[in-house]
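Undergrad: Chains as they are written, first to last, in the numbering used here: chain A, 1 to 170; chain B, 171 to 657; chain C, 658 to 762; chain D, 763 to 1420.
No lab work stands behind these hints, which were simulated from the structure alone. Wrong hints could be hidden among the right ones.
According to the in silico footprint, chain C covers these stretches of chain A (three or more CB under 8 Å from chain C) [what the hints assert, rightly or not]:
id: 1; region: 40-53
id: 2; region: 93-104
One side only, chain D facing chain A, incomplete, derived with CB under 7 Å [said to hold, decoys possible]:
id: 3; residue: A1407
id: 4; residue: S1411
id: 5; residue: A1414
The beta-carbon is built from N, C-alpha and C at its ideal position, and this holds for glycine as well.
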Amino acid sequence: MTLASFAFYSMAGLALISALLVVTLRNTVHSALFLGLSLAAVAGLYAALGADFLFAGQILVYVGGIAVLIMFVVMLLGRASDLHLRQVNNQWLAGLLVCAVSLTGLWRIIKVFSNVLAKAAPVPTTRPLGIFMMRDYALPFEIISLVLTAALLGAVFFSCAERDNPGAPQ
Amino acid sequence: MYLLSLITFTPLIAAMIVLCLPKEKEKVIQIVSLAAGAVSFAFSLLLLPAFDKHTPAMQFIERFPWIPSLDVNYIMGIDGLSLPLVILTTFMTLLALIGSLGIKERIKEYFFWFLVLETGMLGVFEALDLVLFYFFWELTLVPMYFLIGIWGGPKKEFAAIKFFLYTLSGSVFMLLAILALYFNSTPNTFDMMALMNAHSLWSPRFQILVFLGFYLAFAIKVPAFPFHTWLPLAHVEAPTAVSVILAAVLLKMGVYGLLRISYGMLPAGFEWFLPMLIVIAVVNIVYGALCAMAQTDMKKMVAYSSVNHMGYCLLGVAGVSATGFSGAVLQMVNHGIITGSLFLLVGVIYDRAHTRDISAFGGLAARVPVYAALMSLACFASLGLPGLAGFISEFLCFLGAFPRWKVYTAIGVLGILTTAAFFLRMIEKVFLGPMNNKWTGMSDMNARELASVVPLTVVTVALGFWPRWALDFMNATMIHMAGLFNK
Amino acid sequence: MSAQISLAHYLTLGALLFLIGMFGALTRRNIIGILMSIELMFNAANINLAAFNHFLHPQGVAGQAVALFIIAVAAAEVVVGLALVLAIHRNTETVYVEEFSILKG
Amino acid sequence: MLEHVYLIPLIPLAASLLIIFLGSEGGHSRMPLLSILAMAWCLAQALGIFWQAACGHVHLPYQASWDWFSFPVDAGGKAFSYSMPIGVLIDGAAAVMLVVVTLVSSLVQIYSLSYMHGDPRFKRYYAFLSFFTASMLGLVVSNNLLVTFACWELVGVSSYLLIGFWFEKPGPVYASKKAFITTKLGDCGLYLALLFIFTKVGSFQITQIQDFVSRGYLAPMAATLIALGLLAGAVGKSAQWPLFIWLPDAMEGPTPVSALIHAATMVAAGIYLVAKCYFIYVASPLAMETVAWVGLITALLAATMAMVAYDIKRVLAFSTVSQLGFMMCALGVGGYTAGLFHLTTHAFFKALLFLGAGSVIHAVHSNDMRHMGGLSKKMPITFVTMFIGTYAIAGLWPSAGFYSKELILEKVYGHSPLMFAILLFAALLTAFYMFRLIFLTFLGSPRDTVKHHHADESPAVMTGPLLLLAFLSIVSGYLLERNHLFAHLVDYTFPEGMKPEGAHVNALFLNYGVSALVLGSIGLSWKLYGGQDFKLAESLKQKLSWLFNALEDRYGFDEIFLGLVSFSDKSARLAFWFDTAVVDQIFVDGWGLLTKIIAEISNLFDAMFIDRTVDGFGDLSVDVGSGLRSLISRGQVQEYLMYIAIAVSLFATLILSR
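Here chain A stands alone, though its shape is the one from the complex (with noise of 0.2 Å):
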């Protein structure tokens, strides 16, 4: 077994594990950490791919801010009755069978590319990323900075609104 397939064994299997124990653990503090290590794990992942720079958003974005956003309300809401609930709700067995039709179904596409092999080793893309995004991408870019701000504006509002209508229940 080379590095590299050891390399994608090992943060494969770390991101899979991690990311069951999000979906089937009771306390949901737990999961909030665990879905932090998936989400590096997938972060190590794009470094095997030769993606550095999302790598280096992956961790930034996701691990230091989402997971921990995440975590933050968690804690904000949670509360000790919490451990004693089911957390699961009674179509989980649908849920997996769904899961399992939806698996035979990408299993077929998967199965054609099981010969397509790297031609080449991962290079750091940082820089072309970066003159793609600038000049090629330049007006998604833009948009995405406003749809990032009409969210934040979004998320401003949903928190205050409640002061401007007394009348609904604290």
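Keeping the supplied structure of chain A fixed, place chains B, C and D upon it in accordance with the hints.
TA: Chains B, C and D in isolation, oriented as in the chain A frame:
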């Protein structure tokens, strides 16, 4: 200068602005909408001096790739066929927006939909790519559905759904026809200008099938007999300004499509259908006029008169001559202006009396002279009185059809008589005779109503005396189009 | 199992991660759990994009660019989603989805 | 002067617009003066042109054209842009007509100053009058049949407005509508004729059409059709049989308007149109014959109907119809000059008679001659002038009517003795009923003493025009006939080989004979209606009651008209019923039904031929349908999500497993 895009998308941008405004700011919403209508109209007027009257070619062409893998492009352009209709659209929408200032409820949504509708209508007349054309065609449908369904009369939901389903079922066939054209052109293309030159490769059988697909969509929009029954219902239920747009612009999309696509791309199919088309045109004229004569509801009467007038357009088209074509296009413009003002005027009386029943009135001419004068003028214009807009266009339609269809045209002339009969009867019942004491308190037209009607009246008279203003722009194109068939 | 890591490996990983996320989204009662599951699904898609980029088109960076966009969109989605969760929680005192039925028509 | 002839229709038009938009409405408005001023200008210019033409200072016909608009036309498989001209064409007939129209309108407008004074819509009345005249003048001067038709229609609409001027009363409203629709019926024929002309000739310009026809390019069949179409229009406008029914009703309008309609502006249009397009008729003997017979029948029928009418204006209306028949007949037998001559002289004495009748009505406030009698002492000027008018219309020497009517009779005699006999009979009837009118109105003893007591001579504004017209009724015939002035001005040169054959007539003998018969007829009228009581007339009426009834019913032509109206109403209702009950059902609801039937059939098909799984699918969809509301609208996000997931996974599997 992307003038066409500016004209088309100014209303859409304004619609987005309206969407963002809080709904309590009714004044601001109205001002933004009116401004958008005015700007769009002003831009469309800019087309006039820049338009080259002497060439039948497409002008102001804009072309960008849209979905390159399917060779779908954003192509806009106008010629003498679409220019009058574009200006008609911006003009009528502006006036309808002024007429809409009386709307009291859900103002924000109303103006939003209205502006989206304007973009759709303009796009239909300007698009030169079938996918784009289809896109805009369908874009007009949704706003219309809401405008009738929310702000309409008592049976608005039924009318809206009938309108929607009916026109949608037509569009489905059009979509099929568009795809058929796409897959049978080499290279596969949706470019209308390219397709217009491709018909020689298609067998007559194929052309006939595709023609029927398009025809269904267009005939429903026109509306041609027997697909016209959605129109009276939709008109009766729709609010005034929507009726205006429906009659003035939306119906024109049908004849426009017939000329641009059915005739321009599928001459063999068109030729095959011609004997049916002339019958339909004459039936539209005579039958529409007769149905109008049986009405007691003023709006329904005007709606059926639209069926009659669109029959003249079809007659001109069926003449397959440059005269007939220019008559049809001019008639579209004139019908838009005249019927637009008729609907606005019916709306005026409905706002005061809350009834449109012809026999509920009487002797109003003494009470509301300005209204009576404007209404009579519009009626006379509609029945084709010389000196007013309708005459020349009607005459050109007949003149264009006469050499090919003498007997049918002769029958069609009877429609003029019937039109005169029912319009005179309406004038008589509403304005003349002894005063009905119920309406002694009726007030004459106010400034807003005059602002929306008087421009139409002025244009009616102006085009009646000086049709050159409209005809000069289309002569070259019509001559070119007629040449296609004789080749 | 072949010695070299092929595209199929990455795709399998992506598929599994996606399905785990989907399963979570379908079954977690806690709304924050659902949000987390959705994040997993986003990640699965990103892995696929990065992998396609690396294996099929190593010269280009379009796949990574799109992945980057997805990260940005995901961030926006989470921010708004969590704000909504907070707002809903303030009104209903619960984080369990079956207890909100404001979507009921 | 001639080069500015285009001003003649434009000035009244401008005046009418100014009157509409300026000044305030009211019974004492000063705006009418503007209208009269405009008319006076036109009259002066028309007289100037006439004078120049009569003295030979200008060469007629005069033509000038301007581009109006252009539209594409197709000819010989190629399309090109055709430039439609708008312009003037002044020939002798037009020059005469200009004088007639402007003169009569000026007098009518002056007369109306008093007649309509105090009417709340005084100003509007003058605007309409001006517009009416402007349209008629446009019709006269136009060199283009399309413009002629346009003015023709405008004449129609302004007559509609004027006949229905007192729109509060149902009578005028009905009459105006009837006039408009009836003339419009004739216009349909005219419309078709225009289409035909342009298709054949490729032009609307009269001179070009004339050129085309005189070169013999127009096939006789086409010429006949065109001529008949034109005739249909003229029959409507000039109230010829069978479309004359609107004219007797049209007197519901103000009396000066009736004078205008009957003398100059409306009914003259039809005759003038036939004269203007005479070259087409000449090319088609059949059309000529039709014109003659239509005129003949009209002249006779209308004259008989006038015999029994008691409404003073109605008698005059019938007499107009009858006289128009004379003109039409003259044109039909090739008497171009005779027809137009009679049109001119008739305009003077018919305007005189109507204005005189208006004066009487103004004084008595009644139209019914049975309420009059003995008015000659009360209103001497009116009596004298009206007597002159009657004398003229009867065609006695030396009045204007004598010259024109004799000319017609001469022409008709030359064409066919049978027609001459009928027309002569109509002429005798004319003398009879016109004098009956005079006797009943002015002579004898007053039958309604109250009305008689209040009656008084009209003011000078009204009697002035009467006197002038009376003067013209006497001398115009002689003046125009002198040195063959009229014949020189207004003549139609028949192309070689097309000149209608006419037997030589001893004009002098004819004149004396006819005059003697006319005198006899007047004597008969005196016998019946001239005395204090009408015993003889009454007993005659009892004996011939069937005839009287038929005449009073106007031979049932009104019933035909009403039948047509109710027929069109019925067919309208039928069409609408068909629309809602059949078309709508089939093409809208039927559409839905069709879909449903197809769905049922496919369901059946499923059940019978497709295996159980699909059957189960059908059941499932039924279940989904029925339980949709309870299932889906529970508001559970994750259930919605589940539906999506199921659907996506199923579709993905299905698509990928191909």
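Undergrad: Now look at each hint and say whether the structure bears it out.
TA: Hints, verified against the model:
1. For the region 40-53 of chain A, the proposed coverage by chain C is satisfied: 7 residues have a C-beta within less than 8 Å of a C-beta in that chain, meeting the threshold of three.
2. Only residues whose C-beta sits within less than 8 Å of a C-beta in chain C count toward coverage, and the region 93-104 of chain A has 7 of them, enough to reach three; the restraint holds.
3. Proximity of A1407/D to chain A holds as hinted, the smallest CB-CB distance being about 5 Å (cut-off 7 Å).
4. Nearest Cβ of chain A to the Cβ of S1411/D: about 4 Å, under the 7 Å cut. The hint holds.
5. Interface hint status for A1414/D: upheld, as the beta-carbon distance to the closest one in chain A is roughly 4 Å, under 7 Å.
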